[in-house]
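K.L.:
Taken in order, these protein sequences are the chains called A and B.
All residue numbers for the first sequence refer to UniProt numbering, where the first residue is 1 and numbers rise by one.
All residue numbers for the second sequence refer to UniProt numbering, where the first residue is 1 and numbers rise by one.
Hint data in this document are derived by calculation from the structure and do not stem from the laboratory.
Since the model is a prediction, treat every value here as computed from it, not as a measurement.
Mixed in with the good hints, there may be bad ones.
[Claimed, not checked] With a straight-line cut-off of 20 Å between C-alpha atoms, the simulated SDA-like cross-links for lysine to any residue are:
#1 A:Lys446 x A:Glu316
#2 B:Lys143 x A:Ser306
#3 B:Lys240 x A:Asp324
#4 B:Lys143 x A:Glu443
#5 A:Lys418 x A:Glu443
#6 A:Lys365 x B:Phe218
#7 A:Lys365 x B:Leu133
#8 B:Lys240 x A:Gln307
#9 A:Lys134 x A:Pro89
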Amino acid sequence: MLSARNVVKHYGGVQALKGVDFDIYRGTVTTLFGENGAGKSTLMKILSGVEQPTDGQLILDGEPVRFASTVEAQHRGISIIHQELSLAPNMSVRDNIFMGRELRRAGGVDYAEEARQAAALMTELEEDIHPLTKVGDLRVGQQQIVEIARALSVDARILIMDEPTSALSATEVEVLFKVIRDLTARGVAIVYISHHLEEALEITDHAVVLRDGSMTAKAERADIDLAWIVRNMVGENFDLGSPPTGYEFGDTLLSVQSLTVPDDSNVDRAAVDHLSLDVRAGEVVCIYGLMGAGRTELLEALAGASQVSDGKVMLEGRDVTHMDIAQRIAAGLVLVPEDRQRDGLVQTMTVGRNLSLASIGAFVKNLFLSNSGERGLVDDSIRDVHVKTDGPGAMIGSLSGGNQQKVVIGKMVTTDPKVILLDEPSRGIDIGAKAEVFKLLAERAKQGLGVVYSTSEVNECLSIAHRIIVMGRGRIVAEFGPDVSKEQIMAASGESVAA
Amino acid sequence: MSDTRAATNTKGKSGLFANGFDPVGLLLEGRAFFGLIAIIVVFSYLSPNYFTFDNLLTMSSHVAIYGLLGLGMLLVILNGGIDLSVGSTLGLCGVMAGFFIHGVELAPLGVTLYPPIWVVAVLVCGVGAFVGLVNGILIARFKVPPFVATLGSLYAVRGIALLITGGLTYNNLGGKEALGNTGFDWLGFNRLFDIPIGVLVMIVVALILSVVLNKTAFGRWLYASGGNERAARLSGVPVKRVKISVYVLSGICAAIAGLVLTSELTSAGPTAGTTYELTAIATVVIGGAALTGGIGNVRGTLLGAFVIGFLSDGLVIVGVSAYWQMVFTGAVIVLAVLLNSIEYSGRAKKKSSNDGGATPSPQKTESAGTAASGGARQVPQKTAG
Chain A
1 MLSARNVVKH YGGVQALKGV DFDIYRGTVT TLFGENGAGK STLMKILSGV
51 EQPTDGQLIL DGEPVRFAST VEAQHRGISI IHQELSLAPN MSVRDNIFMG
101 RELRRAGGVD YAEEARQAAA LMTELEEDIH PLTKVGDLRV GQQQIVEIAR
151 ALSVDARILI MDEPTSALSA TEVEVLFKVI RDLTARGVAI VYISHHLEEA
201 LEITDHAVVL RDGSMTAKAE RADIDLAWIV RNMVGENFDL GSPPTGYEFG
251 DTLLSVQSLT VPDDSNVDRA AVDHLSLDVR AGEVVCIYGL MGAGRTELLE
301 ALAGASQVSD GKVMLEGRDV THMDIAQRIA AGLVLVPEDR QRDGLVQTMT
351 VGRNLSLASI GAFVKNLFLS NSGERGLVDD SIRDVHVKTD GPGAMIGSLS
401 GGNQQKVVIG KMVTTDPKVI LLDEPSRGID IGAKAEVFKL LAERAKQGLG
451 VVYSTSEVNE CLSIAHRIIV MGRGRIVAEF GPDVSKEQIM AASGESVAA
Chain B
1 MSDTRAATNT KGKSGLFANG FDPVGLLLEG RAFFGLIAII VVFSYLSPNY
51 FTFDNLLTMS SHVAIYGLLG LGMLLVILNG GIDLSVGSTL GLCGVMAGFF
101 IHGVELAPLG VTLYPPIWVV AVLVCGVGAF VGLVNGILIA RFKVPPFVAT
151 LGSLYAVRGI ALLITGGLTY NNLGGKEALG NTGFDWLGFN RLFDIPIGVL
201 VMIVVALILS VVLNKTAFGR WLYASGGNER AARLSGVPVK RVKISVYVLS
251 GICAAIAGLV LTSELTSAGP TAGTTYELTA IATVVIGGAA LTGGIGNVRG
301 TLLGAFVIGF LSDGLVIVGV SAYWQMVFTG AVIVLAVLLN SIEYSGRAKK
351 KSSNDGGATP SPQKTESAGT AASGGARQVP QKTAG
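All chains should be modelled from the sequences, with the hints used to inform the complete structure.
P.N.:
Below, the structure written as structure tokens:
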């Protein structure tokens, strides 16, 4: 249906794509695998008209085409769901879905019809969101659903999904897959990109693997498995590590007692409901849960970033419940937030300044910042968390997603914490960086750090965690050791076990 | 942390620590700098009186007012805010200076106090700081948008200045020898090493702020909270305190500018400084700061002040009509911002090509070489996309 032939793309001196052939067939799902920087997004941007290829051509229905803009590509029936959300948070779900192509009728926009269609899309996606809800009030996962709804509303013939599930819970992913199957049955071609390899395998018909801007492999679903993909992506089998062993846990560092956090959007229910939890020195605890289970709310409340209505948080026997964020960081309780662009990084500052931001106090001498003190701190930090950068003076935006995440983690590790909380530390980074992040945390745990991380991927529960806690509706619904099976975890969280 | 660490670390010297060497930054400021040179060249050509020592000094004292206001505004803009009240604060502070010099009557005691000039200066700065404090508290604590909060102060503060004087102007600010409050004209008329005191005051304030921005934790906090307030807060930066502080500092800068201007004019009028807040914003913007916060510096703002001051005075000297002066000034401001956005997008492009240029080759060897070590693989730089 749509083919790319020998597509080359340069950015300045860099070759992002080195002559890639890519075919999309009617009524099938073609998945594009590859690590960050392999060229997946670039290829998709070319297919959807966001960027023009430096060389090579696109062939649509047998004839060569050139898309000067996304509008032109959309006109030819090609629609894309971007990896980064591109919604206006100040506008309603309805207005976002129809942004730029409002339904007209005599005298203005036909809001009623738009709302009806938006509601229908939400029903199709099995998401209970009112069309007039402001997008900014929705959780990231729900926003992603809106983004998907917008792409669906166009009636595309070719739908490109760049990481559509990175913020979705397993149930939401199931629904999305059902929608995808409906679409392919209607003859729509889907291009799917995901870091969740198993998930992608479940839905795909063809697989194409990119590495380093070139295509390394191409195969039918029947001929491939997870190992094949990973092998072609990175050239080696991968695992996300195992719980660090060979030492005893120390004393209880963090003790959460009956913590309750109110839910801003719903007064009847608490986002975190009388939850109690102990974390000991050297222990790695994983918190698994669906979207809305209260993981983020719990971690933010522990870090002092949100209001607590009841309960106590003790750190090394000290009550930190009424401390602000800075005091908790000083006491040794730190949070690595979920959304690194929004909450983790200062884009206007350099890598070094981002890394040192939470520990400025450590290199202030007589009121003034000490350059040598900061340099030592930053160099150590870059080495500790293996950030790959041109140097501390590079702008933070020049790093890949995985390295940016390492900077956010490094910033907090540099404060020399007792307990580190990480909210979805692996979101939107490739499998190599993921493994590295987990390895880093495991090493730290061995040195006596208490580690608590949350995830929405079962695979990640079964990596370095000594203890797996499943949250649901603001409570702990189950607690497992590291030898639990994926099915048990998913069953406990209330998800239907994927086939 | 540990000194041994710092000592052993000799590598990694780069833009982060060398405050000042950043080629793109130089280019950005270079634009304002070349603009300034162009202005001087053009007006020197048009009028023989322009490029004379005396005229340069006269123009510099005008620049000092804009510069002082602009420096305060820079802090606010770095924080991602805006302070529309500085012109009114300048006016009020001038009036307060006149008020204090003319004596504070304490009715119940039946005495009139004539504070010495340095006390007047401190009191007036206190007034400016108070206006800033009110702005800051409204914005940081009660979440009133900066534009609205300071727009309110713009009106209210001007109104208070008019109320105090009943719409009149305090003249005769010389004070009386017998009362020990002479010397106010020193600020506006005296020169040290041939340089007007007002200009020296601006330079001192600029130096202090430059140190504060580059060398103190407060400066780092300010850049961080302006760049991304949420990230700064989660990193333990006291974002509210920083926010309130910048408005207080902006108020103090306006007060100092008010003192200098009042002394230069030897009269304190309640309408002094009207629309100066806009000039202050212009100086900051011409100086390369981003209104979204987090980007900007003292040097740029000073250059911006010189561009605005030398341009408007030049237009007066050449004899351009007041109406045309406004048109020219407006055009220069827009041009500056236009160049700003071009520079910023240019920087982004330059950045990506720079990063990428170094990466493609290590990328391949890395993925093959270290994958075997069980996951300690570095992620290749994401190349523009």
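K.L.:
Now look at each hint and say whether the structure bears it out.
P.N.:
Taking the hints in turn, this is what the structure says about them:
| no. | hint | verdict |
| --- | --- | --- |
| 1 | A:Lys446 x A:Glu316 | 18 Å, holds |
| 2 | B:Lys143 x A:Ser306 | 17 Å, holds |
| 3 | B:Lys240 x A:Asp324 | 12 Å, holds |
| 4 | B:Lys143 x A:Glu443 | 43 Å, violated |
| 5 | A:Lys418 x A:Glu443 | 14 Å, holds |
| 6 | A:Lys365 x B:Phe218 | 13 Å, holds |
| 7 | A:Lys365 x B:Leu133 | 28 Å, violated |
| 8 | B:Lys240 x A:Gln307 | 17 Å, holds |
| 9 | A:Lys134 x A:Pro89 | 7 Å, holds |
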